[in-house]
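Engineer: The residues making up each chain are set out below.
There are 2 protein chains.
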Amino acid sequence: MPVNRASGTRDLLPETMIRRLSVIETVRGVFARFGFLPLETPAIERIETLMGKYGAEGDQLIYKILKRGEGGVRGEVDLALRYDLTVPLARVVAMNPGLSMPFKRYQIQPVWRADRPQKGRFREFYQCDVDTVGCEEMWADAEALAVVDSALRALGFAGFTIKLNHRALLRALVEEVGAGDRETGVLVAIDKLDKIGKKGVTAELERCGLDSAAIERLWSLIDLGGAEGLELLREQLPAASQALAQLDEVLEYTAAMGVPSGTVRFDPTLARGLSYYTGPVFEVVVEKPAIGSIAGGGRYDNLIGIFGKKSVPAVGVSLGLERILVVMEELGMFGELPTATTQVLVTVFDDDSRVLALEQAAALRQAGINAEVWMKAPGKLAKQFKYANKAGIARVLTCGPKEREEGQVTLKHMESGEQWTGPLDQAIARIQG
Amino acid sequence: MPVNRASGTRDLLPETMIRRLSVIETVRGVFARFGFLPLETPAIERIETLMGKYGAEGDQLIYKILKRGEGGVRGEVDLALRYDLTVPLARVVAMNPGLSMPFKRYQIQPVWRADRPQKGRFREFYQCDVDTVGCEEMWADAEALAVVDSALRALGFAGFTIKLNHRALLRALVEEVGAGDRETGVLVAIDKLDKIGKKGVTAELERCGLDSAAIERLWSLIDLGGAEGLELLREQLPAASQALAQLDEVLEYTAAMGVPSGTVRFDPTLARGLSYYTGPVFEVVVEKPAIGSIAGGGRYDNLIGIFGKKSVPAVGVSLGLERILVVMEELGMFGELPTATTQVLVTVFDDDSRVLALEQAAALRQAGINAEVWMKAPGKLAKQFKYANKAGIARVLTCGPKEREEGQVTLKHMESGEQWTGPLDQAIARIQG
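For the protein sequence lines, the chains are A and B, in the order given. For the first sequence, numbering that gives the first Met the number 0 begins at 0 and goes up steadily by one. For the second sequence, numbering that gives the first Met the number 0 begins at 0 and goes up steadily by one.
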């Protein structure tokens, strides 16, 4: 039988997995450092929970599952695969009115999108989300920025910027140029600035029906970012004063939380696609490689209300694990991170040494050392050393007839070539030390 | 909009998740201790990879997914959700001929079965599998037993038995009583001994067409377990001599690997349902509560050959995470394991103290301490202490006007009630110490 994987998916083999697990562990640790608690939701949601939450294109990309027991080509569809981690969170909050608020949770799980497979894009990929539900104050927004800053620094990232904007500010801008009835079109155009440049955006704005005066006015308001941009808008756009005050708060709190100055930058052109955002929005971009954003989020005070009886404010951020891994790989950030978890290979000298080798490995494990025993038929030791080398195992333990007689073992460090002979308990101490 | 979860699934809220993560971390650590490496496969497999591998009932329980972009009631089905971790492993081995053998991998991931929901049974549940592919020697089988023994002991289990049997021995038994053409029926009957007793099994064997002499002969051969049972069969069933010699090897190697004597027990009535086993089979049962097996596995030398060009021997064991968690819960094995990961709540005295509190929390986090800041409006401290208590946060840090003026903080240990006042850096040292 010929064998294939489902299109657009991939297997994560050990070398890849060891790095992923290390990154996930670091991220999880930072999330907990800020007091966020773990949540997991089922991969399978009722189809009506997901449909209509991600726009028309999103509905198309949701994986749909047949009703239990039905097969063939005429089954009924009642379930679907998780598409993101935000909608399931909103469902959980609505279903658990007893949750104490604010509910600070993180969630690290795969999501599925029936997208066309392409380089670096997969139909199953992990998201790492942190959200604070039930707090409308800007310190929750600032904390979302601070936790993403800490997570990225803990992973070794340095050259990144957190772009910050506010949905209400964008709305005020659109109204200022008389396009309040074409908000989505104008924002979609502005959002493309990085991709199609100022000229391209101008053409799109013309297609939205903005005249040249309006377009000029718009550029004059969003041309500047950073502190100067905030100052300009404070003077020129009184309708955005509340949004600007909230951004000031976010900046003050992120500084108090230890986010290095210059990391967060106001960017009036940042729109973010998802329509459910209501307040501050943000996105993390790296200087290189050119890969788009590696994290993003914002405040969405109206989403949970769709599911529940009452409206509940919420703000969160999602780290794109797959992109983060691509960047770390391309920038050589894994450095000395080992690609193996096994620390010692215990060799087997001959058939009569098998039980002794198993006992030696058991003693190593008892001491907390990751050890494996040569699994194939004994034979030449050179072959066993070669295997250790290929597998990235740092040390090899051997015990030939002479050592066995004297109650000793030989420990070889593969990289340095250093050899040492002595009793097993001293070998264990050397490995631990 | 009313909100529901998909039937037979559940959300894992923080308190549950913290325990699960701790158990998974322990199991993962033991797997690595034995030199097993992590693997993950996609949740979505091609439907033809899964169909026909789990029997007719299994085919019914596989979740089937519609082809990309198709919806409604007439879509074509081409994908399916992972049903176990063994078939995906076999696919991975067949698709990656370059894998160096033996391939020792572990895999901790959910699987999905469209079973009828019932107490303690879920449609999405985790399996923790360890397999050695490419080694036909009995030390690989023994290692599967040793790793499951170590994992359970690391979790705090003591009263458990690993039942051991051999598929070839079962076949010899069935042939010995002249029922070689009814092997499945006879094995299914024997497998029910724990559930329906000797009388029930006898009735089923009669339904299989065994006469009373054959049934009596069968009972005389399988009545004894343990070392005596092995001895009896060695005398009475020469056709099983190779299988018995392999079981001797397994027992010798597990002892060398440090599995305590008495843990592994030969049980000639252990059949295990899955038809793909070819050699030793084993199952872990706990003395209490009555929950069936919490782990099981065996040798399956012919499964990978179905997918690939050549036959590859393999042996593995699967730990049932959900059942292990149920047993640990029922036996009170979580003991002192905290239900919170946050170590310190930093209180906010009044509106003017917000920034100071954020700075204090940042300093704690910088020192590796998990800290959260009171998120609601300041107000009474008693409310903030109550929250810490409810959330299981061990320590509360306060800083009133007097302490602020003197550059000090007060640290209260919630359980002992002990209070201490001093500079923040000393507070940090106390928490760390």
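If you're looking for bench data, these hints aren't it; they were derived computationally from the structure. A quick note: this is a predicted structure, and the numbers were derived from the prediction, not measured. Hints are supplied without guarantee of correctness; some may be wrong.
No distinction is drawn between identical chains; accordingly, a pair holds when it is met within one copy or between any pair of copies.
Listed next, the in silico BS3-like pairs over lysine-lysine satisfying Cα-Cα at most 27 Å (straight line) [stated by the list, open to error]: (1) 52 <-> 66; (2) 382 <-> 309; (3) 287 <-> 308; (4) 389 <-> 375; (5) 197 <-> 385; (6) 308 <-> 194; (7) 375 <-> 309; (8) 287 <-> 191; (9) 375 <-> 308; (10) 401 <-> 191; (11) 401 <-> 162; (12) 118 <-> 66; (13) 389 <-> 309; (14) 389 <-> 308; (15) 385 <-> 375; (16) 385 <-> 287; (17) 401 <-> 385; (18) 411 <-> 52; (19) 379 <-> 308; (20) 375 <-> 401; (21) 287 <-> 66; (22) 197 <-> 308; (23) 385 <-> 198; (24) 411 <-> 194; (25) 66 <-> 162.
Engineer: At most 27 Å between C-alpha atoms: does residue 389 with residue 308 qualify within a copy, between copies, both, or neither?
Structural biologist: between (59 Å within a copy, 25 Å between copies)
Engineer: Between the shortest in-copy and the shortest cross-copy C-alpha distance, which are at most 27 Å for residue 375 and residue 308: within, between, both, or neither?
Structural biologist: Only across copies: residue 375 and residue 308 sit 22 Å apart there, 63 Å inside one copy, limit 27 Å.
Engineer: Should residue 385 paired with residue 375 be assigned to within, between, both, or neither, using CA atoms and 27 Å as the limit?
Structural biologist: within (13 Å within a copy, 60 Å between copies)
Engineer: Regarding residue 118 and residue 66, is the shortest C-alpha distance of 27 Å or less found within a copy, between copies, in both, or in neither?
Structural biologist: Answer is between: at 21 Å across copies they meet the 27 Å cutoff, but 33 Å inside does not.
Engineer: Can you give me the call for residue 411 and residue 52, within, between, both or neither, at a CA distance of at most 27 Å?
Structural biologist: Neither way: residue 411 and residue 52 sit 59 Å apart in one copy and 45 Å across, limit 27 Å.
Engineer: I want to check one pair: residue 375 and residue 401. Are their C-alpha atoms no more than 27 Å apart within a copy, between two copies, both, or neither?
Structural biologist: within (23 Å within a copy, 71 Å between copies)
Engineer: 27 Å Cα cut-off: does residue 379 pair with residue 308 within a copy, between copies, both or neither?
Structural biologist: Classified as neither: same-chain Cα gap 72 Å, cross-chain 29 Å, threshold 27 Å.
Engineer: Treating 27 Å as the Cα threshold, decide for residue 308 and residue 194: within, between, both or neither.
Structural biologist: neither (41 Å within a copy, 47 Å between copies)
Engineer: Is it within, between, both, or neither for residue 389 and residue 375, if the alpha carbons may be no more than 27 Å apart?
Structural biologist: within (16 Å within a copy, 55 Å between copies)
Engineer: State whether the alpha carbon distance between residue 385 and residue 287 is at most 27 Å within one copy, between copies, both, or neither.
Structural biologist: For residue 385 and residue 287, the Cα distance exceeds 27 Å both inside one copy (38 Å) and across copies (47 Å).
Engineer: Under a CA distance limit of 27 Å, which applies to residue 411 and residue 194: within one copy, between copies, both, or neither?
Structural biologist: neither (54 Å within a copy, 53 Å between copies)
Engineer: Have a look at residue 52 and residue 66 and pick one of within, between, both or neither, based on CA distance no larger than 27 Å.
Structural biologist: both (21 Å within a copy, 21 Å between copies)
Checked against the numbered hints above, the structure breaks hints 3, 5, 6, 10, 11, 16, 18, 19, 21, 22, 23, 24 and 25 and satisfies the rest.
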